[in-house]
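Between the sequences and the hints, there should be enough to build the whole structure, so can you do that?
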Amino acid sequence: MITAERKPMEELIAYLRPFRRILLLGCNECVTVCAAGGRKEVGLLSSALQMRFAKEGKPIEIEEITLERQCDPEYVEELVSRIDQADAVMSMACGCGIQEVARRFQDKPVFPAVNTTFMGASERQGVWAERCQGCGNCVLGVTAGVCPIARCSKQLLNGPCGGSTKGKCEVDPDIDCAWQLIWDRLKALGMTEQYEENIPAKDWRTGRGGGPRKIVREDLA
Amino acid sequence: MMKTESILEKILAAGHLAVTSECGPPRGALPDKVREKAEMLRGSVDGINVTDNQTAMVRMSSLAACIIIRQMGLNPILQMVSRDRNRLAMQSDIIGAYSFGIDTMLCLSGDHPRFGDHPMAANVHDIDSVQMLDMVRTMRDEGKFQGGDKLDGPPKMFIGAAANPFADPFELRVARLAKKVNAGVDFIQTQCIYNLDKFELWMQGVRDRGLDEKVAIMAGITPMKSVGMARYMKNKVPGMDVPDELIKRMAGVPKEKQAEEGIKICVESIQRLKEVKGVRGFHIMAIEWEQKVPEIMERAGLLPRPQV
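Sequence order for the protein chains is A and B.
Letter by letter, the first sequence follows residues 1 to 221 in this note's numbering.
Letter by letter, the second sequence follows residues 1 to 308 in this note's numbering.
Don't read these hints as lab results, they were simulated from the structure.
None of the hints are false.
Straight-line C-alpha distance at most 20 Å; calculated DMTMM-like pairs for lysine to aspartate or glutamate: (1) B:Lys-236 to A:Asp-176; (2) A:Lys-168 to B:Asp-241; (3) B:Lys-257 to B:Glu-288; (4) A:Lys-166 to B:Asp-241; (5) B:Lys-234 to A:Asp-172; (6) A:Lys-187 to B:Glu-171; (7) B:Lys-10 to B:Asp-212; (8) B:Lys-236 to A:Asp-172; (9) A:Lys-202 to B:Asp-149; (10) B:Lys-214 to A:Glu-197; (11) B:Lys-236 to A:Asp-174; (12) A:Lys-202 to B:Asp-126.
What you are looking at is a predicted structure, and each value in this text was computed from that prediction instead of being measured.
Shown next, in the form of structure tokens:
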């Protein structure tokens, strides 16, 4: 999923200070799962903002709407009847959702309430960790199902570096060394000889190196 | 047949124990600092590594400092890390270096910016150190850029890499060397060796696979100035293995004699490592202590340097 974290309150206040009527948008997808911008977080933020502005003697009106999927124009269209009642929109969706709202409503200021962080998985309750950087040409088939691009601090395709210590990365003892994980999996699979097949320099054109990317499926388009 | 004009290659090919040392460029436009450090090493070593923004701190570029050293009639070794440059920048610098007579280089991934003075900087890591070796070898032997185009005037670089026998997991450290051999490495400079038993165990693995026949392994040596430095290396430097006995030995002598004890340990290590089959030379990393290198070389019986 795409993970996100709420921005600091002061930054949100600064964005909203010039406006009186706010449309606060949540999204029912990834940001709900990672507890950053679902219906519940929309409610909490809405109360906090209203209290804060009331205290400043400058009360604001907030309408709360949580869309099924904010990165999808079909659902964003549901805002058409509500948008005119707002001076500005604050979105708690990931960057994709925020931009979709901004694209649809050209003359409406739209502000992010979260920092979109990474594509990751849940490690345990309340903990998410990065797993994928969307390089566009998946290497997991030759790295025993552990991605060194997303999970090695130096992005080494032929690691580990000399800083791997007791399974941890030199950058932070909270980070697992991706190459230790790869090696452990290769051993468990009885495939350690695969380690010695050098992975060639990556063609980054399938990633950000080729500029902003687009998928066009002729069969669906 | 020689691949390059590198003095280091010639020394190794003639069967001598080779010696390199290193020189960290200054953190400012101070060319005389480079000259001063390099001058201390004249006559004592066969090549001088010039670090590339080591510990991720901005310094005079390795290329510029290499040129200064080359112009002194010495043999610089260009260090290059994959952290700061993409493959375009690397290749242009390699051609540039070779155009100034710099014919030996070391391919590294580099310390993470987290440890340096620009922790906010973006990492490049377009290619890794193994891929860098392959790129330089292709430029030299096939006269081709990494992208495939033909290259006029190929840089005839003698190509080095690092190896750390002490990092984890230990069991894949020989295999990792094999990857570098496959990529075309000519010589290896190892991480500082303090745990000689473990190093010898790694070398056994290296010989078992015949890798010592394919790459010249230079043992990394760093003299310790004090017990404080020994403890720091043990506890703070990732991938460093400093045995407790060594700390005890350093702590067992009065403070003013610790530097001498450090030199003694270093000379003893060299003597022992000379006997290890497959060790083809030494890389002395006397960090901000370059002036001690001639003495270490002398006491280790490595002077005078052979003329080739």
